[in-house]
Amino acid sequence: ILNVEQSPQSLHVQEGDSTNFTCSFPSSNFYALHWYRWETAKSPEALFVMTLNGDEKKKGRISATLNTKEGYSYLYIKGSQPEDSATYLCASHTSGTYKYIFGTGTRLKVLA
Amino acid sequence: EAGVVQSPRYKIIEKKQPVAFWCNPISGHNTLYWYLQNLGQGPELLIRYENEEAVDDSQLPKDRFSAERLKGVDSTLKIQPAELGDSAVYLCASSFTGPDTQYFGPGTRLTVL
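Order-wise, the sequence lines are chains V and Z.
Heads up: the first sequence runs through residues 1 to 112, numbered per the working numbering.
Heads up: the second sequence runs through residues 1 to 113, numbered per the working numbering.
Source of the hints: derived by calculation from the structure; they are not laboratory data.
Certain hints may be false.
Straight line, CA to CA, 30 Å or less: simulated DSSO-like cross-link-like pairs of lysine-lysine [said to hold, decoys possible]: (1) V:K99 x Z:K62; (2) V:K42 x Z:K62; (3) Z:K11 x V:K109; (4) V:K99 x Z:K11; (5) V:K42 x Z:K15; (6) Z:K78 x V:K42; (7) Z:K71 x V:K99; (8) V:K58 x Z:K11; (9) V:K69 x V:K58; (10) Z:K78 x V:K99; (11) V:K69 x Z:K71; (12) V:K78 x V:K57; (13) V:K109 x V:K42; (14) Z:K16 x V:K42; (15) V:K59 x V:K78; (16) Z:K11 x Z:K62; (17) V:K78 x V:K42.
Given only the sequences and the hints, what does the whole structure look like? Please build it.
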């Protein structure tokens, strides 16, 4: 994988459903993987920064895992709420550079 | 702690007009970034500053885009003249140092008619 890819591009879930998205990134020269939540008309909000293979991070109902050997990260939302509706961006950070490579995001809509 | 501030939030101009965007980073953050986000795409880096020095401007279209960060704090990104294809969201971000987590402003949504 040369680019950062996110899937799905968009999804709609019902309130209370749990959901997850995928971020695939280049595994060579890995330094860190960042997750952001971007609500409409607001600033992208940093959710997690993950650096170690096997890392798991949690913030409330949102959690993320990291596999640096195969180059993927999962973001999980448990019991989705309408306020979780946003675009979730991941960004790969390669060692030796300061450049983030962003995916195109997953647009989540939680229906009440 | 105040976040990254950008202005204006929205700008509509006609093609060939100039436009400028302003960014005030988080206090104490030495590294400042300008990103371009086209519809349906992830943000792409235009320029990175370490204090007042532009250390990576390889993706900045220098024929029409310019940027400055006087005194190593606020920054301005300018487009002159604007083209239809410049319609996008322009995001500013800052970090304490280069490898640290980047914190973003709300962006400026530019529409060129």
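Cross-check of the supplied hints:
For the suggested pair K99 (chain V) and K62 (chain Z), the alpha carbons sit about 19 Å apart, so the restraint of at most 30 Å is met. For the hint linking K42 (chain V) to K62 (chain Z), the alpha-carbon distance of about 29 Å falls within 30 Å, and the restraint holds. For the proposed pair K11 (chain Z) and K109 (chain V), the alpha carbon gap of about 27 Å is at most 30 Å, so the pair holds. Simply put, K99 (chain V) and K11 (chain Z) have alpha-carbon atoms about 27 Å apart, close enough for the 30 Å limit, and the pair holds.
Between the alpha carbons of K42 (chain V) and K15 (chain Z) the distance comes to roughly 27 Å, so the proposed pair stays at or under 30 Å and holds. Using a Cα cut-off of 30 Å, the hinted pair K78 (chain Z) and K42 (chain V) holds, with the two alpha carbons roughly 22 Å apart. Under the criterion of a C-alpha separation no larger than 30 Å, the hint pairing K71 (chain Z) with K99 (chain V) is consistent with the structure, at around 23 Å. For the hint pairing K58 (chain V) with K11 (chain Z), the CA-to-CA distance comes to about 37 Å; that exceeds 30 Å, so the pair is violated.
With a CA separation close to 21 Å, the supplied pair K69 (chain V) and K58 (chain V) stays within the 30 Å bound. Between K78 (chain Z) and K99 (chain V), the direct Cα distance comes to roughly 22 Å. Compliance with the 30 Å bound is thereby established for this hinted pair. For a cut-off of 30 Å, the pair hint linking K69 (chain V) to K71 (chain Z) is broken: about 42 Å separates their Cα positions. With a CA separation close to 14 Å, the supplied pair K78 (chain V) and K57 (chain V) stays within the 30 Å bound.
For the suggested pair K109 (chain V) and K42 (chain V), the alpha carbons sit about 16 Å apart, so the restraint of at most 30 Å is met. Between the alpha carbons of K16 (chain Z) and K42 (chain V) the distance comes to roughly 29 Å, so the proposed pair stays at or under 30 Å and holds. The hinted pair formed by K59 (chain V) and K78 (chain V) meets the criterion: a straight-line CA distance of about 11 Å does not exceed 30 Å. For a cut-off of 30 Å, the pair hint linking K11 (chain Z) to K62 (chain Z) stands: about 21 Å separates their Cα positions.
A hinted pair counts as satisfied when its Cα atoms are at most 30 Å apart, and K78 (chain V) with K42 (chain V) qualifies at roughly 23 Å.
The structure fails hints 8 and 11 (numbered hints given earlier, in ascending order).
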